[in-house]
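Protein chains in written order, with the numbering used here: chain A, 10 to 711; chain B, 10 to 711.
Calculated from the structure, these hints are not laboratory results. A few of these clues could be false.
[Claimed, not checked] Below, simulated BS3-like cross-link-like pairs (lysine-lysine); rule was C-alpha separation at most 30 Å, straight line:
1) B:584 / B:696
2) A:657 / B:494
3) A:658 / B:60
4) A:657 / B:569
5) B:131 / A:60
6) B:696 / B:569
7) B:219 / B:569
8) B:219 / A:657
9) A:131 / B:657
10) A:658 / B:658
11) B:418 / A:657
12) A:657 / B:657
13) B:696 / A:696
14) A:472 / B:507
15) A:418 / B:569
16) B:494 / B:436
17) B:60 / A:696
18) B:658 / A:60
19) A:418 / B:131
20) A:657 / B:696
21) A:658 / B:569
22) B:131 / A:696
23) B:657 / A:219
24) B:658 / A:131
25) A:696 / B:494
26) A:472 / B:60
27) A:472 / B:131
28) B:658 / A:696
29) A:494 / A:596
[Stated by the list, open to error] Which stretches of chain B does chain A cover? Using the computed rule of at least three CB atoms under 8 Å from a CB of chain A, they are:
30) 94–103
31) 570–576
[Stated by the list, open to error] If the Cβ cut is set under 10 Å, some of the chain B residues that face chain A in the computed set are:
32) 85
33) 565
34) 661
35) 695
In this text the structure is predicted, and so the values were computed from the model without any measurement. Where a beta carbon is used, it is the ideal one built from N, C-alpha and C, also for glycine.
Number of protein chains: 2
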Amino acid sequence: MRPNLLPSTPRLNGADAEATRQEISAYFHATFDRYEQLFELLACAEGYYQKPIALRHPLVFYLGHTATFFINKLVLAGLLTERVEPQFESIFAVGVDEMSWDDLDARHYDWPGVDEVMAYRKEVRRQVGRLIQTLPLNLPITWDHPWWVILMGIEHERIHLETSSVLIRQQRLEYVRTHADWRPCMTVAAAPQNTLVKIPAGSVRLGMDKSEPYYGWDNEYGRHAADIPAFSVGCYLVSNQEYLQFVAAEGYRNDSFWEEEGRAWKNFAHAAHPAFWVCDGDEWRLRLLSEEVPMHWDWPVEVNYHEAKAFCNWKRNTSGQPYRLPTEDEWYRLYAVSGLDEAADGQVAANLHLQQHASSCPVNTYRHGDLYDVVGNVWQWTETPIYPFEGFEVHPLYDDFTTPTFDGKHNLIKGGSWISCGNETRKSARYAFRRHFFQHAGFRYVISDVAVESPASHYETDKLLSEYAEFHYGDSYFDVPNFSKALAQLAITAMAGKPARKALDLGCASGRACFELARHFEQVTGVDFSARFIGMGVQMAQQGVLRYTLADEGDLVEYKERTLSELGLDAVRHKVEFLQGDACNLKPNLSGYDLILAANLIDRLYRPRQFLAEVHQRLNPGGILLLASPYTWLEEHTPRADWIGGYKKDGERVTTLEGLQELLSPHFRRIAGPLAVPFVIRETRRKFQHTLSEVTLWERIA
Amino acid sequence: MRPNLLPSTPRLNGADAEATRQEISAYFHATFDRYEQLFELLACAEGYYQKPIALRHPLVFYLGHTATFFINKLVLAGLLTERVEPQFESIFAVGVDEMSWDDLDARHYDWPGVDEVMAYRKEVRRQVGRLIQTLPLNLPITWDHPWWVILMGIEHERIHLETSSVLIRQQRLEYVRTHADWRPCMTVAAAPQNTLVKIPAGSVRLGMDKSEPYYGWDNEYGRHAADIPAFSVGCYLVSNQEYLQFVAAEGYRNDSFWEEEGRAWKNFAHAAHPAFWVCDGDEWRLRLLSEEVPMHWDWPVEVNYHEAKAFCNWKRNTSGQPYRLPTEDEWYRLYAVSGLDEAADGQVAANLHLQQHASSCPVNTYRHGDLYDVVGNVWQWTETPIYPFEGFEVHPLYDDFTTPTFDGKHNLIKGGSWISCGNETRKSARYAFRRHFFQHAGFRYVISDVAVESPASHYETDKLLSEYAEFHYGDSYFDVPNFSKALAQLAITAMAGKPARKALDLGCASGRACFELARHFEQVTGVDFSARFIGMGVQMAQQGVLRYTLADEGDLVEYKERTLSELGLDAVRHKVEFLQGDACNLKPNLSGYDLILAANLIDRLYRPRQFLAEVHQRLNPGGILLLASPYTWLEEHTPRADWIGGYKKDGERVTTLEGLQELLSPHFRRIAGPLAVPFVIRETRRKFQHTLSEVTLWERIA
């Protein structure tokens, strides 16, 4: 396969712009060529138009798609002013994202002919090629450089080179043909006995810096570090031979080895063996790109995450050892101890980058330190759902490349396969798929006592919750200072000289004030009626980071991340706890507080009178109650008879402040307020709630 | 009756504060005495506890009520810190406001004994008397002076002296008794023949200034002026004799004489004659305060507005002359031509102020110039529903004295009756009651070709409409300038050098921008889908004033008035017209404009694409389209497929600005924007919407 060696992803910070221009030109054309060549594996029109699997478009879509992607992004970036073929650029724009295996797509498309698509590709190639030759170019090319979008288009096509090859491998045999430039590995041997290799404890640092001189996808940037205890790992990827033991042990019939989601998939799909295994009477054959061959027992097994995990659970069960898949962090330890350096430039001996074969090869072919196939051959499933590194930002020209996969349901695969190339082969690459998905992917196992913790990957998209995330932790608008912080400061000032052991934030919502109070108090408890709101506080306390979408206009959103350390609150997060609870019916043990904060709470209670009559019981003598409310009394929250004010009694106006004074006076003395403290809640880029909350502070005197 | 002559309402700007203090003290005690004496007309407990009419409280309530009113207002004003009897001050606080004759009140009250109420009154008298003797007093006493509330309490009791006397007159005969201090007029004679007196054209000026040295109710202050064409008026009040012709002519059976509301009342009440007439076989008797006597044919008839109006309609029908009731303004012309001066000090000879009798007297007794009974004897119904003068403000200590009657359903009565005293007898007094209500009230008729126009009395209380009234015409919040004005200024600046004949404001809401555009354009048309919104603009254009309530907290509101002249827009209001219309389906004749303004419109249209594709047809070549919108696309207003932006198309973000550019480019060139222009909509005293509207200006080029 050496003649088809693809150029590696170019270095973008050279001194010679013209040389880089020609390198990018070559990179573009080679990728475009190799991609078109892949489709030569299709033997007939049915190969293009019959779907290999029900959940994806037919292959003709993918032929057009990578060209359209160039045009759409170049138009978006303002580098092209005219479209090439608007109709094509609509139908080829968006793939079917196979988000769920039971989400059948029934859309009908009237696909154009292959000749038309090829003619379209030719014109796109001409235009992109011309742009590469004519656009002004200053080095380095970075994330916000006009040329970034050209690299994006090429790398995007390289991804599809791999994923389309998987679809072809899933296409019916009669629709495909062998091809001289896509020849599989031919060696046949027995598989080696797998052994365990000890990996010493160590630390890893992940995340690219924007100054790195290579193209990267959004998810690769940011910061992540971890200390990894020692663990053991399989020397080889799990081979078909090794996996056969699990199949033979009726592993696919024994639900107890399968995680809940995996069991549901297995039963839906009626899976009884790896998808590319073909049962031919009493022997197993193996489906390759475009042919079936006798089983290569020494090649890595190709499975989805669920199958890999079930295998580990079976091993755990039969051995008593804590088998599992590696985490992403652990994979980087393998990379470090293997002595591999950067593999992206094709200098590493590995079944990678189409350097060797158009297929897997025996698991004992490419040695990397004490291990084999740390990179290449097939991708390796991890236990880790993809998550954003601290400092993650979406690229403005492709804001949905990664963000839809930050849902805890897309697990990372590492190391690349025989067809992975370009960015895919880089150490920093991070690809993730739904756990039931098939790629040229297998696994290696580790033995470790350390439980896997899923990092926070969730972006809060619920409208109300994300509004509150921004309200508490986000930016200020109209120069209005952060409300939670302002209230906490008022409370702390009022506490001067008083004990400051315990504070209670009733109606804490997403919890910012709890952290602000923890600057002064030894212990802060946040209580809210809504477990969903509290979830945001809990995540901040545990992970120190919160991610959410901000409504922009219409359906458009922005992605946002805030960390406690940015807010100077990381050091106090251990002092904060959150509990779900009802301010009108609090548990008895919530008492003995030096401060109770009730921000924007009383006009949302169903029994504010009872709350105000009893709240002193929770406070220490001399303790302080801080009330803040815009007094927006509404019957949907509070029966009219329970309003504290805002009505006429015996013909005369009763304000809420008067009502508070009357209800609290048996146990409290007002020591400050009323003050009007403003807050702003962002609803969209242009629409805000701007409210004045009336703040009063009350000292318990009885 | 001379011995019971009540002091007149005191002058409040004297030089001798101690003398005024003693005058107020005497005024208070005399009023308190006379009020208690009225209840001596009740012969038994049933008189206090059986309701004279189903729609009002029993008389025991009114005995307690005037005392409680003192305490409630003094507490509210901060002059008293302790209540006298909290329970009494709750049950005696609010009367049943007989807002509708078919609104039966079924509440049950457990009224205290008369002795208890009298003991309570005694204690209230002691406390108020002590306050009057001890409170510091600086003259003059004005609207915002601490003593104003004391005058308010006394004048309030004087009103109830009259209204309670009406209830006693409606009480069953067996529950009342005669009383030496409440003796009726005894003269008996035939009624004079009524004649017409010509009143020359003239002008009137109504409305008190706050500097006047007498107590006044909120509705008396402000400014109103009118020119009154000549008219004729009955020399006498209509007597029982004169009214009998209408009864005899079957006037109560002939629906055609009755206005719609009057007909409904008549049929509900089965009215067949005036309420105080008693049919005794074949003769008529007359119910007085506490006795029935043979009919006094020369006394004024006592009727409600509907009966008076039906009489006029009958006269109109039989005579062919335009008989009707006088307007309030016309009554002031009678006052002027009669040569009457201020009647409040008791120097005018009239059956007023309890100076003469505890009843009416013959209509030809008190001559005022060419007329009789311009003031006194009985009140005189007018055609005018009470309305606020320009500059009307509520008094903060009694904000619902008048405002609930600004509903077009309460007509003014003028002139006072034999029992009217204090403020009631002043020229400036303005009392109004529901048109079916009985007082000691009758009428005189006028003949005039001038149709009666009801002045604007309505306070907009609908939440959304009043928010928009404030948004367009009200105060600014957070220092954000008026949005409509800002847009109009942007438009006018962009029009420099262009023709400025016609402007169209599409989605004009309550119309402020129309008036602002009229500073520059010869003619401005405002179009809105909502007739209710347009109603506010129409009122501004016709009356130059808009009144509305502003939500404060809970159910509490503030009353607000804005005039075009305050805004410097009075001179242009004749250039503005308003039409109800649909921006997506405009009438063909709305074209030929030099400017079209569409503020906060496009994201509320159901077909914004069609609107944008066609709007150029309405503009002259070179004309300008100003669009302003926060692009808050919502499916409840606009089907998703019709959004101009805020969605992904073929995988890429489409902003509304891009969508506008694409849709408008065939006919427009963007000449300014995007600019972010803020606006604030007040929802409550503390809660606001704060929004940035994106403004673009487009010149029609094709």
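Hints violated by the structure (numbers, ascending): 1, 2, 5, 10, 12, 14, 15, 16, 17, 19, 22, 26, 27, 31
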